[in-house]
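A.B. asks: Construct all of the structure, not just a fragment, from the sequences and the given hints.
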Amino acid sequence: MGAESDEEFRDFMRGRWSAMVRLAYTLTGDQGHAEDIAQAAFASAYSAWGRVRRAGDPDAYVRAIVVHENSKRFRKLRVREDLRAAVPECGTGADDSLADRAALRDALSRLGPRQRAVIVLRFWLDMSEAETARALNCSVGTVKSQTSRALATLRKHADITEGELR
Amino acid sequence: MTALHEALDDIAAEITPIDPPVELAMRLGRKKRHGRRIAAITGTAGAVALSAAAVVGIPALTGPASSPALTPGTASGAGIPLARPVLLESPQGSAKEYGDAHLVNTATLRLFQRLTCTPVPSSLSGAVTNDAWKATVGYTAAQWNAAGSEVVSCDASGGKYVLGKAVILGSQVTSATAQHLQNTDQWVVDVTLNSAATAAFAQLTTSQATRYYPTSQSNWNDAVLASTAFVINGDVQSAPVTEAPITIGKLMIAGPASSGLTEAEAEALAAQLS
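Chains as they are written, first to last, in the working numbering: chain A, 1 to 166; chain B, 1 to 274.
One thing to keep in mind: the hints can contain errors.
Stated by the list, open to error - The list that follows gives simulated cross-link-like pairs (lysine-lysine, DSSO-like), each with its CA atoms no further than 30 Å apart:
#1 A/Lys72 - B/Lys250
#2 A/Lys156 - A/Lys72
#3 A/Lys156 - A/Lys144
#4 A/Lys144 - B/Lys165
#5 B/Lys165 - B/Lys250
Claimed, not checked - Stretches of chain A that chain B covers, calculated by requiring three or more beta carbons in the stretch to come under 8 Å of a beta carbon on chain B:
#6 20-33
#7 118-131
In short, the hints are calculated from the structure, not lab data. For every residue, glycine included, the Cβ atom is placed at its ideal position computed from N, Cα and C.
C.D. replies: Structural data, given as C-alpha cells:
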C-alpha cells in the first residue's frame with residue numbers, strides 16, 4: 001500500500017473519528033467501549049483500504065462495522081448490561097422541552113442493547129426498517145417488534161406521548 | 001427533528017472523544033491484513049457461531065482432492081475438523097513464530113522448523129493448498145486422522161502451524177447443513193456436534209475465551225492460542241479466534257463478513273463435514 005493511500009486513510013480517520021465514536025457511544029453508552037469499537041472499525045477499514053476506497057463510501061463501511069461490532073454484544077452475550085448506570089440530571093423544570101429530553105435520555109438508557117441499537121439506527125441514522133434489519137442481521141419482523149417494544153418502554157419512562165416521540 | 005432524534009443528539013454530544021489514534025489503527029489494520037485467516041468465533045442469538053473469515057480457503061474445497069495419499073479415507077470421515085494451533089509462523093514479513101513453543105514436543109518442533117509452506121497463488125482457485133509440504137512431513141492418512149497427537153500443517157496463504165491434539169473429529173459431527181442467512185446473500189454451514197465433542201469444545205473455548213481472548217488484540221501469541229483450526233485433508237482451512245465460550249455444541253461457519261460463502265461453497269463444506 002502506497003504512502004499516498006496511507007495519507008488518504010489518515011485524513012479520512014482524522015475527519016471521521018469523532019463522528020464514529022459518537023455513534024458508538026449512542027449505541028453503547030460507554031465512552032471507553034465506544035472508542036474501542038471505533039478504533040477496531042477504522043483498523044478494519046485500513047486492513048482493506050484499497051478495496052474500501054475503491055468502493056467509494058468509506059464512511060458507510062466504517063459505520064457498518066461500528067454497528068456490527070456493537071451487535072456482537074447482544075448476539076454473543078445474552079446478558080443485559082445496564083448501559084448507563086448514572087441517571088442524567090433533569091432540568092430544573094424551567095424549560096419543559098429540556099426536561100423532556102433529559103427524561104428521554106434517561107429512558108433510552110433503560111433499553112437493552114438490541115432495542116437501543118434499533119432505536120439509534122431507525123431514529124438517529126434515519127434508516128428504514130429494511131436497512132436496519134440488514135445492518136443488524138435480523139429480520140424486518142424483529143426490527144418492528146423491537147422498535148415497538150423500545151418505544152413502549154420510552155413512553156412509559158419518559159412520560160410523553162407518541163406524537164412527541166416522533 | 002423529533003424528540004427522540006434530539007435526545008440522541010444530546011447523548012452523542014455528552015462525550016469529547018480522544019484524539020484519533022490513527023497510527024494505532026493502522027498498525028492494527030496491518031496486523032489484521034496479515035493475519036486475515038484468523039477471524040472470530042462468535043455466538044448468535046440462540047445458537048453459537050463459528051464465524052470464520054478464514055473459510056476463505058473454502059472455494060478450493062470444490063476442487064479435486066489433491067493428495068490421494070492424505071485424503072481421509074478412514075472411518076473418521078472428515079479427518080480432523082478442529083484442533084488448536086499452538087504455534088504459527090505467519091507467511092508475511094519476518095519468519096517469526098507466534099504461540100507457545102513450550103507446548104510443542106521436540107520432534108514436532110523439529111518437523112515444524114524443517115517445513116516450508118508455500119502460498120497458493122490467489123489466481124489459482126482449484127487447489128486448497130500447495131501440497132508439496134506433505135512430502136516433507138510424511139504423515140500417513142491414519143496419522144492425520146488420529147486424535148491423540150500434535151501435527152504440523154500449512155494453510156493456503158503459506159501459514160505454518162503446529163496443531164495441538166484434535167478436539168473434535170469428523171466422526172463427531174452429527175450434522176452439517178448449508179443454510180441461507182436471513183436477509184443477506186450469504187450462506188453459512190450449521191454444524192451440530194455429538195455430546196462428547198460438545199463437552200470437549202466447551203472446555204476448549206471456555207479456556208480460550210477467558211485466558212487468551214481478552215489479550216488477543218494486543219498479543220499475537222495469545223491470538224494464536226485463542227484460535228481453533230479447521231483441518232480438511234491435513235490442510236488448515238481457517239483458524240478463527242474464539243471470542244466466547246461455545247457450550248451448546250452448535251456452530252455456524254460463516255464466510256468473511258464482506259463476501260461470505262456462496263451457496264455452492266457452503267454445500268461443498270457441509271458435504272465435507274458430514
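A.B. asks: Now tell me if each hint is right for this structure.
C.D. replies: These are the hints, each one checked on the structure:
| no. | hint | verdict |
| --- | --- | --- |
| 1 | A/Lys72 - B/Lys250 | holds (17 Å) |
| 2 | A/Lys156 - A/Lys72 | holds (28 Å) |
| 3 | A/Lys156 - A/Lys144 | holds (18 Å) |
| 4 | A/Lys144 - B/Lys165 | violated (47 Å) |
| 5 | B/Lys165 - B/Lys250 | holds (21 Å) |
| 6 | 20-33 | holds (count 7) |
| 7 | 118-131 | holds (count 4) |
Checked against the numbered hints listed earlier, the structure breaks hint 4 alone; every other hint is satisfied.
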